[in-house]
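Residues per chain, in single letters:
Number of protein chains: 2
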Amino acid sequence: MSKPVMLSDPGFCPHSLNKYASLMATGNGYLGIRASHEEGYTQQTRGMYLAGLYHRAGKGEINELVNLPDVIGVDIQLNGDIFSLLSGTIESWRRELDVSCGVLTRTLVWRAPGGARFAIESRRFASVTQLPLVAMQLSITPLDAAATVSVSTGIDATQTNHGRQHLDETQVRVFGQHLLQGIYSTQDGRSDISVSTWCRVQGEVQSCFTAKERRLLQHNTAQVAQGERLTLEKFTWIEWTSSRNLSLDTWARQGRRALENCALQGYEALLTESAANWGDWWQRCRVEVASHDNADQRALDFALYHLRSMTPAHDERSSIGAKGMTGEGYKGHVFWDTEVFLLPFHLFTEPEVARNLLRYRWHNLPGAREKARRNGWHGALFPWESARSGEEETPEYAAINIRTGLRQKVASALAEHHLVADIAWAVVAYWQATGDDQFMAREGLTLLQETARFWMSRATDVNGRLEIHDVIGPDEYTEHVNNNAFTNYMAHYNVAQALRFSRRFGCTDEAFLHRAAHFLAHLWLPEAGEDGVLPQDDTFLSKPVIDLTTYKAKAGKQTILLDYSRAEVNEMQILKQADVVMLTYMLPERFSTDVCLRNLNFYEPRTIHDSSLSKSIHGIVSARCGDAEQGYRFWREGTLIDLGDDPHSCDDGIHAAATGAIWLGAIQGFAGLSVREGELHLNPALPDAWRQLTFPLRWQGSELRISLSRQEARISSTRPVTLWLNGTALTVNGEQTCSLADFILPTNGTATTQKEGE
Amino acid sequence: MSKPVMLSDPGFCPHSLNKYASLMATGNGYLGIRASHEEGYTQQTRGMYLAGLYHRAGKGEINELVNLPDVIGVDIQLNGDIFSLLSGTIESWRRELDVSCGVLTRTLVWRAPGGARFAIESRRFASVTQLPLVAMQLSITPLDAAATVSVSTGIDATQTNHGRQHLDETQVRVFGQHLLQGIYSTQDGRSDISVSTWCRVQGEVQSCFTAKERRLLQHNTAQVAQGERLTLEKFTWIEWTSSRNLSLDTWARQGRRALENCALQGYEALLTESAANWGDWWQRCRVEVASHDNADQRALDFALYHLRSMTPAHDERSSIGAKGMTGEGYKGHVFWDTEVFLLPFHLFTEPEVARNLLRYRWHNLPGAREKARRNGWHGALFPWESARSGEEETPEYAAINIRTGLRQKVASALAEHHLVADIAWAVVAYWQATGDDQFMAREGLTLLQETARFWMSRATDVNGRLEIHDVIGPDEYTEHVNNNAFTNYMAHYNVAQALRFSRRFGCTDEAFLHRAAHFLAHLWLPEAGEDGVLPQDDTFLSKPVIDLTTYKAKAGKQTILLDYSRAEVNEMQILKQADVVMLTYMLPERFSTDVCLRNLNFYEPRTIHDSSLSKSIHGIVSARCGDAEQGYRFWREGTLIDLGDDPHSCDDGIHAAATGAIWLGAIQGFAGLSVREGELHLNPALPDAWRQLTFPLRWQGSELRISLSRQEARISSTRPVTLWLNGTALTVNGEQTCSLADFILPTNGTATTQKEGE
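So the sequence lines, in the order shown, correspond to chains A and B. Counting in the UniProt record's numbering, the first sequence runs from 1 upward without gaps. Counting in the UniProt record's numbering, the second sequence runs from 1 upward without gaps.
If you're looking for bench data, these hints aren't it; they were derived computationally from the structure. Among the hints, erroneous ones may be present.
[Unchecked claim] Computed cross-link-like contacts, DSS-like style, restricted to lysine-lysine with a CA-CA straight-line distance of at most 27 Å: (1) B:Lys552 with A:Lys212; (2) A:Lys552 with B:Lys212; (3) A:Lys554 with A:Lys543.
All values derive from a computational prediction rather than experimental measurement.
Work the whole structure out from these sequences, hints included.
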């Protein structure tokens with residue numbers, strides 16, 4: 001395996017501080033830390049977050065991921081001058097995130113305004129073997145003459161979420177010469193947070209401590225000879241609990257003991273341990289591509305790094321926020337993005353992580369049942385935005401219209417119900433890939449039945465036909481419509497799978513089985529017209545079309561809303577993302593390639609791609625339809641959502657779903673992986689730029705390794721496994737190389753494709 | 001009158017940003033705004049405060065002056081580069097606070113890192129005629145070539161008190177093209193705050209508005225030709241209420257109307273109006289000194305500027321915080337500083353302001369009675385730290401000892417009871433200077449009687465002698481002592497005056513009159529020994545003496561506490577400030593010059609002057625004892641508390657009492673003003689450096705103007721008034737010039753001095 005590609009920050013720029021703070025964030029699924037510089041800049045938003053630690057900061061506010069006291073900041077003074085890259089001159093610069101081991105490094109030479117040069121280096125990582133641990137080193141070398149060097153650092157609890165303070169300071173302490181500890185509680189008193197940090201500057205140094213205005217700091221000053229290096233080592237141990245059963249003192253002491261053990265190990269040993277774990281993980285998960293353009297491998301490595309860093313694999317009571325833990329966008333809430341865009345990666349590489357993500361939803365069934373009940377429905381209506389408790393976290397009203405003073409109700413929480421079926425879809429996908437009957441018999445079946453019950457109560461009988469009224473599909477530019485194709489088909493799938501697994505596991509609730517069968521027999525599934533186009537909803541095709549060229553050129557910026565009101569957009573054929581294309585992606589066995597292609601061609605020109613979830617799915621469907629080049633264009637554009645040139649593309653965090661989609665595009669698009677009728681299919685369609693695509697795959701207990709070129713497919717498996725290569729069944733045991741010339745896809749698409757509406 | 005001396009910031013320096021932000025703060029008694037730069041710096045603490053608006057931000061926190069949403073910040077971009085003085089080069093610089101009219105100005109030429117020069121000018125003031133109004137102008141001129149200039153500004157509610165958030169955002173709105181309004185409430189729901197701001201950039205400009213993450217902003221971008229000036233005008237109207245009887249909408253609308261009227265007037269007209277009011281005020285209040293050193297006049301002008309700016313003359317429910325409204329030190333709380341160090345200036349220039357300050361205490365009698373009652377005493381025990389409600393605001397525990405984890409009880413609130421008598425002292429001083437029987441018969445007498453009742457219950461009968469046990473005098477390095485001289489004498493004065501005025505106003509509460517007389521007859525007043533030294537308390541003189549030279553050299557920094565614990569300091573003759581010297585200052589008629597001098601000479605070597613209240617009083621007593629040169633040295637050192645070289649001397653606000661003491665030193669020290677037996681005395685003692693001292697004085701309805709040189713005293717009065725010049729009675733009517741050779745002070749001090757213990 002080649003080394004994963006470094007991510008680099010090309011140079012210091014006040015405008016892009018927050019972009020790189022998100023892109024290069026360190027994290028381990030337990031915590032996430034924005035890649036802020038040690039020294040402060042007013043434009044720079046610092047951030048450290050713990051998976052699952054949400055709090056509401058006041059009246060009219062929303063439960064959000066708490067921005068914790070900062071431990072990254074270091075005030076550096078060189079001969080009494082405050083170090084800032086805004087002053088002086090940067091003579092050399094390298095800033096990199098080594099995604100192979102999660103280490104962020106900055107190495108620079110700075111000429112102070114007075115003329116003296118200093119080499120300043122820092123590196124840090126969040127340990128993947130000791131999750132509460134963040135380790136950092138900062139070293140300063142006067143290059144031209146001896147200098148007085150001061151570094152002040154510690155725990156800075158003045159940190160807020162853009163002015164919203166969540167924490168009360170309970171206690172701040174200093175132990176011995178190096179250990180500082182702050183104990184905080186959320187203002188609602190429900191959670192305790194302990195931040196312990198061990199700071200040591202090697203050598204002859206004068207140190208003192210201060211605790212003032214929510215800052216607990218160690219101040220160090222030393223005379224450093226020319227060419228000599230002053231090094232600060234700092235280890236931080238961060239824990240939280242909302243169900244503490246120890247006394248606060250005992251709990252705090254345990255954190256200090258753990259930290260002291262880390263300090264005894266030292267930076268290098270801690271790094272070696274964590275880096276080895278990362279190395280194993282990359283071995284198990286990495287996707288390698290031989291492309292004309294190195295950016296493709298970089299995008300994949302970037303995506304996988306974040307897919308690991310953002311995922312709270314350790315805790316099934318937490319899930320993945322829409323920005324991971326790289327920023328405060330969407331308040332750290334969990335959307336359908338998790339099940340549809342992020343879960344597949346885990347499912348096919350570490351299925352136990354996918355199981356945890358589904359158990360998160362299972363734990364949160366009470367909130368989902370309550371939401372359904374409150375709205376007069378049965379079963380489970382999961383919250384559109386979810387945090388720790390599983391209650392609906394979507395603000396009732398959107399941000400105020402500063403012109404009218406009115407607040408519009410947020411429609412998603414009221415009507416964007418497809419996520420219920422998306423969760424069911426993920427449950428089935430999990431079972432298909434793992435055969436985990438134990439999960440399916442308990443959590444899985446409960447989720448399927450409760451979501452199915454929701455749909456059965458949600459449908460409306462219109463002259464004997466069941467319809468689903470007043471919903472929003474994934475396309476959020478079209479609100480409150482009836483019989484949204486995506487929703488109806490997914491609801492049908494949801495109930496069908498609930499019925500199937502209910503029977504399989506011997507469910508004796510005859511009333512449920514009967515109602516499910518009735519629902520499936522009567523639910524209206526929108527039908528394609530003669531042109532093969534499936535109507536997005538009852539009224540969509542009757543709406544006028546406008547030229548979207550200028551808006552598509554600025555995809556992702558929602559510029560259409562500068563020219564038209566939401567109400568006006570709603571009455572035109574304008575899509576944020578295309579529901580029917582998404583549907584053909586979700587249920588590939590349900591639609592022929594021809595139908596997929598016709599709908600792609602019809603809907604794409606009507607789609608602005610203002611959602612970060614849009615292009616990647618169009619890319620996969622394009623590739624599945626045989627147009628790998630169009631698929632590649634969409635995929636590349638998808639990689640630029642975060643990695644592109646816009647200096648503010650991800651100020652408030654990376655687009656988690658878009659990183660998931662980078663993996664999806666490679667595996668489901670260009671390797672053509674799909675699961676149809678429970679069988680694993682590969683229909684490779686490498687774009688011209690790619691010579692080879694290699695990736696691991698976990699499938700029903702086997703560990704596969706698949707390497708695809710334009711000519712051949714090399715597949716190895718740890719156990720015998722049957723898969724379908726371009727529609728032809730193939731049993732792999734050990735390693736097998738197939739010439740793709742022997743596996744030519746039938747012209748009508750995949751051999752096992754079921755007819756639409758079947 | 002010459003023009004008051006400008007205060008200037010000698011140059012941009014990240015280390016001194018907060019010093020000058022405090023020194024050059026603008027304010028009008030209603031609001032205070034720190035002199036932050038428009039552009040942001042991480043070291044810079046912005047602050048805007050409203051007199052009386054306190055709130056407690058969470059568990060374990062303290063009621064504090066709320067740092068309001070910022071309206072001063074402007075994000076400036078020049079050809080896309082963020083303007084910061086840390087980058088580029090400052091080619092010229094002038095930053096001044098014109099205390100004559102309260103206008104803060106910065107004029108600079110900045111060379112951007114790319115080489116192009118820009119002239120950037122800004123000016124701002126808080127109106128003294130329309131108190132809720134802050135007006136500012138910012139102009140930018142590209143000097144070398146046309147440039148794209150962007151300015152973004154508005155209302156930034158991410159502002160906190162060092163991370164403590166007090167406000168919920170209720171509503172943010174934009175009206176028309178220029179008006180932005182944010183409505184906030186304190187998190188306890190008790191107060192509403194409305195911040196309305198009108199922003200306009202003249203000329204061809206592209207503008208838009210954003211409301212995100214507690215920031216409501218107007219963004220303006222324009223192409224500006226070389227040599228052309230782009231000007232932003234911004235008017236802000238800030239109101240608050242804790243007893244709103246209008247609907248929120250109506251109240252908010254009224255604020256907008258008021259603001260729109262200001263915008264119609266325009267910056268120059270608003271400034272003219274406010275500056276004229278300042279001009280009148282300086283005419284009425286200014287102290288002019290002809291000194292060898294201009295710094296003396298500057299110190300006086302600085303002090304008077306702040307004495308006006310910090311005083312909520314408009315609102316008798318508010319008083320003056322220990323840092324005015326220039327920073328967050330002492331949480332904006334009110335101490336005895338107000339009555340003893342600040343009230344005299346107002347009393348002798350605008351006595352109605354002094355009356356308001358006393359009415360503040362009168363309004364807050366319920367809290368003071370409750371504090372006395374809770375502690376088992378009678379009458380009124382005013383809180384050591386006071387805010388809006390008059391309840392005790394002193395934190396029960398001091399900041400945690402970060403080493404032991406223990407929090408020490410704050411002793412001041414428990415035992416520093418002399419402030420009760422200090423308030424009574426100020427009531428009498430007010431009546432003496434004004435003869436305001438109406439006030440004295442009602443508020444004054446109530447205050448005198450209630451404070452007297454406290455003392456009568458506070459004393460302990462020890463074998464027929466009344467003693468006052470377990471107190472702290474002004475010297476906070478000596479805690480929990482018995483019969484503190486300052487406290488006992490001041491308590492005696494308090495009860496004596498209560499008795500005197502009770503009789504004068506026909507009080508028929510015989511029990512009170514009887515108990516007061518008994519108290520006065522039996523209260524132990526510590527007596528001077530043969531050396532004339534009055535013991536500070538029962539045990540002080542028996543404690544060991546140590547050499548304080550090194551600590552005195554760092555007066556104000558409390559370095560003694562680095563070497564000794566508080567408990568150890570308590571057991572030595574170590575004074576933070578000298579109680580007995582303070583006592584001779586407070587009750588000059590009570591002690592002969594000889595006694596004053598002996599005690600000054602005894603206690604001064606034992607005094608570190610770690611309190612900012614210390615040196616100025618030593619200076620006044622020195623001058624009164626005839627040593628004007630020593631008085632001058634102390635006075636000068638007192639002026640340096642804020643104005644000295646230490647770049648962090650007043651980061652969290654100026655020392656309000658020390659500014660009051662600059663006036664006290666000039667008037668009570670060098671002009672030798674004192675009130676003895678209700679008579680006005682002048683014993684001029686100009687230091688060698690001063691040729692002349694001129695000041696206005698209000699005395700019992702007369703407006704006097706006094707000009708003193710070494711040779712003569714020129715006194716004018718609007719009405720006939722009798723005063724004592726160097727112990728000789730003099731009646732002034734109109735203008736009168738006296739040769740001081742004709743008014744020689746008797747050698748035993750002042751002619752009317754009563755004997756000690758009389």
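- Quick one: which hint numbers does this structure break? Sort them smallest to largest. Violated: none.
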